[in-house]
Amino acid sequence: MKEFALTLRQWKEERESQIRGLKLTIYTLSRSPLSVIGFILVAIFLLIALIGPIIITHPGDIRGAIHMDQKLKAPSSTHPFGTDEVGRDIYSRIIIGTRLSLQIGLIIIFVAMGIGVPLGIIAGYVGGWLNEVIMRVTDIFLSVPGLLLALAIVGALGPGITNAMIALSIVWWPGYVRLVQGKTLSLREESFVEAAKSIGASRFRIIFWHILPNCASPIIVKASMDMGMAILFAANLGFIGVGAQPPEPEWGAMISVGRNYLPDRWWMATFPGLAILITVLGFNLLGDGLRDILDPQSRSQIR
Amino acid sequence: MKGFILKRLFLMVITIFGLSVIVFSVSRIAPGDPAKLAAGPDATEEMVQVIRKEFRLDQPLIIQYVYYMKGLIKGDFGRSIRTRHLVWEDIRLFLPATFELVFVSIGFGIVFGILFGILSAVWRDTWIDHSARFFSVTGVAVPMFWMGIMLQLLLAAKFHLLPIGGRLDTMVDPPLSITRFFLIDSLITGNWTVFKNALSHILLPAFVLSFPALASITRINRAEMLEVLHKDFVLNAKAQGISDRLIILKYALKNALIPTLTMIGLRYGWMLGGTILVETVFDWPGIGNYAVGAAVYSDFQPVMAVTIVLGLNFMIANLLVDLGYGFLDPRVRYE
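Sequence lines, in order, name chains A and B.
Position one of the first sequence corresponds to residue 1 (the working numbering), numbered consecutively onward.
Position one of the second sequence corresponds to residue 1001 (the working numbering), numbered consecutively onward.
In case anyone wonders, no lab produced these hints; they're calculated from the structure.
Please read these numbers as outputs of a predicted model, since none were measured by experiment.
Ideal Cβ placement from N, Cα and C applies to all residues, glycine included.
Hints may contain errors.
[As the list claims (entries may be wrong)] EDC-like, lysine to aspartate or glutamate: derived pairs with alpha carbons at most 16 Å apart:
#: 1; chain 1: B; residue 1: Lys1007; chain 2: B; residue 2: Asp1322
#: 2; chain 1: A; residue 1: Lys73; chain 2: A; residue 2: Glu85
#: 3; chain 1: B; residue 1: Lys1196; chain 2: B; residue 2: Asp1173
#: 4; chain 1: B; residue 1: Lys1158; chain 2: A; residue 2: Asp264
#: 5; chain 1: B; residue 1: Lys1007; chain 2: A; residue 2: Glu132
#: 6; chain 1: B; residue 1: Lys1036; chain 2: B; residue 2: Glu1046
#: 7; chain 1: B; residue 1: Lys1036; chain 2: B; residue 2: Asp1058
#: 8; chain 1: A; residue 1: Lys23; chain 2: A; residue 2: Asp292
#: 9; chain 1: B; residue 1: Lys1007; chain 2: A; residue 2: Asp139
[Claimed, not checked] Where chain A lies over chain B, by a calculated footprint (3+ residues, C-beta under 8 Å):
#: 10; stretch: 1017 to 1027
#: 11; stretch: 1138 to 1146
#: 12; stretch: 1153 to 1164
#: 13; stretch: 1261 to 1275
#: 14; stretch: 1297 to 1309
[As the list claims (entries may be wrong)] Derived contacts from chain A toward chain B, CB cut-off under 8 Å, selection only:
#: 15; residue: Ile140
#: 16; residue: Gly155
#: 17; residue: Leu157
#: 18; residue: Gly160
#: 19; residue: Asn260
#: 20; residue: Pro263
#: 21; residue: Val280
#: 22; residue: Leu281
#: 23; residue: Asp288
#: 24; residue: Asp292
Generate coordinates for the entire structure from the input sequences, incorporating the hints supplied.
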């Protein structure tokens, strides 16, 4: 027992800084209830995406089924969110839509980061004509409102969820180039980079040990926010009618159909919208919380 | 300064050129045959051929692009393959409605966004801050189109407070066309009935369109104010006995506005994109609505034109933002 206490103390001493960091993280979180809500919402979202098929009540209703005798029923105990124009259970469809949204968001963000982050670092660090070329191309993409360009692309490729994801990935990467390039430019002038350079650190080492870790926080924060935004944009396209097509259980497409049954059948458009709102809100709050934790500057402000 | 603007205008031309290449290439990756689509399901092969020839769809891509650019330089966006209208004519017809909506929205977003941001930062961790923060994070998360539908449901369909859509009631004649902004035209001509009618129509869509912008301007202005208020020069100003009001509104705000201005420019672009959604929901006769209508039918000329026109508008806005930096921070030099 005594030995155990000793080891524990030793362990505590060795890990002093990590434990303090963790405590500070918990403290930061406890001071910002909104971030905690964000973490919880995202956790619930992920959980629902994971166990969705178990908790739905009408598995047959996800895509094809038609029960005309059940159509346009108001919310009740069998159909908590009501039924749609062909009698499908809206609750089950929203739950399964969670998976679809998660998938959409992840794919768009990872493709965008995969293209944008390397380009941004190259542009910012190497500079010169390479910077000029990369930033000009980026600027061209950023010169059009994203949703509009996405509409144009998906309009050309044809409506559908895959095409919507392709379009949104094409629209999304320039944001990361700009973020990372700007950050790299300012980091390049920092004294610790100068110092590393002066003791002969290689370009490679400076990028991976000094620039990238310092870019990591804004990238993570942006990715968290963008996750929500990508889901929102996919829903936007679904709503316009060029994204996911009914009977796909995509929230935007569901609202697009439900809109035709307003104002009497309010539940058809209302619940999928709430699902989008809560999901996007969760990722935004999470991003906000992550910023508080990851950004040392805002940390020092906590008195 | 002059040199800077000239350089930017030159860059703008290059960007527009690049944009036209992207948009043009996008329009030609379409798997369907636009000529067949335009001719309709009952058309004979000959009719399709005629359309193909008329729109030069039978020529090599590069030739098509050269023709497109030739037109573009003259301000000719070609004809819609579906309606046979000159696209430029259509755009001229729909653009004022979009700009009226967007200008009202961005004005609303800027004024209240900055105001909420200041209040939230100055009274940090009070209920004001908490509600402003909650609003600023919720605001960007609300799906614009859904919010529009919900407000229509509530304010228009249920309580009949505001009209459900459109730019004016069908019974009301549009005001004399001067600026082609109904709000301004009706004011100039002193036509109060039309002004009130136009105002009641624009309120909902403008509010919905400005909502995410308002939220994110609030958010960034709060964050920047917080950061600036901890800077040494603010402490110094405090030590010198300068009043809080002056410190906040002059010393701090001016510095905080630089990143806020970036956000305003960014959000302006998002807003231009958002018109697609808001105009669809509120049946607003603008170019967003026009673009959606064309995109659904793979009618590409209008979509390309709208993309380029709004892209150009966004570039001009960005130039203004960059010039704004110099106004806010005299250290910014234009080369």
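- Below or equal to 16 Å on CA atoms is what counts here, so check B:Lys1196 against B:Asp1173. 13 Å, holds
- Message: Using the nearest Cβ pair, does A:Gly160 come within less than 8 Å of chain B?
- Response: 11 Å, violated
- Message: Hint A:Val280 vs chain B: min CB-CB distance below 8 Å?
- Response: 4 Å, holds
- CA of A:Lys73 to CA of A:Glu85, is that 16 Å or under? 9 Å, holds
- Message: Taking beta carbons only, do three or more residues of the stretch 1261 to 1275 of chain B come closer than 8 Å to chain A?
- Response: holds (count 6)
- Do at least three Cβ atoms from the stretch 1297 to 1309 of chain B come closer than 8 Å to Cβ atoms of chain A? With 6 residues close enough to chain A, the hint holds.
- Restraint check for B:Lys1036 with B:Glu1046, where alpha carbons must lie at most 16 Å apart: 11 Å, holds
- Against chain B, run the beta carbon of A:Leu281 and see if the smallest gap drops under 8 Å. 4 Å, holds
- Message: Next pair to validate is A:Lys23 with A:Asp292; report whether the Cα-Cα distance is within 16 Å.
- Response: Judged against 16 Å, a Cα distance of about 14 Å means the pair holds.
- Message: Would the hint linking B:Lys1007 and B:Asp1322 be met if the CA-CA limit is 16 Å?
- Response: This hinted pair holds, its Cα atoms lying about 13 Å apart.
- Message: For B:Lys1158 and A:Asp264, compute the direct alpha-carbon distance and say whether it is at most 16 Å.
- Response: 10 Å, holds
- Interface restraint verdict for A:Asp292 against chain B (beta-carbon cut-off 8 Å): Result: violated, 11 Å to nearest chain B Cβ.
The structure does not agree with the numbered hints 18, 19 and 24 stated previously, though it agrees with the rest.
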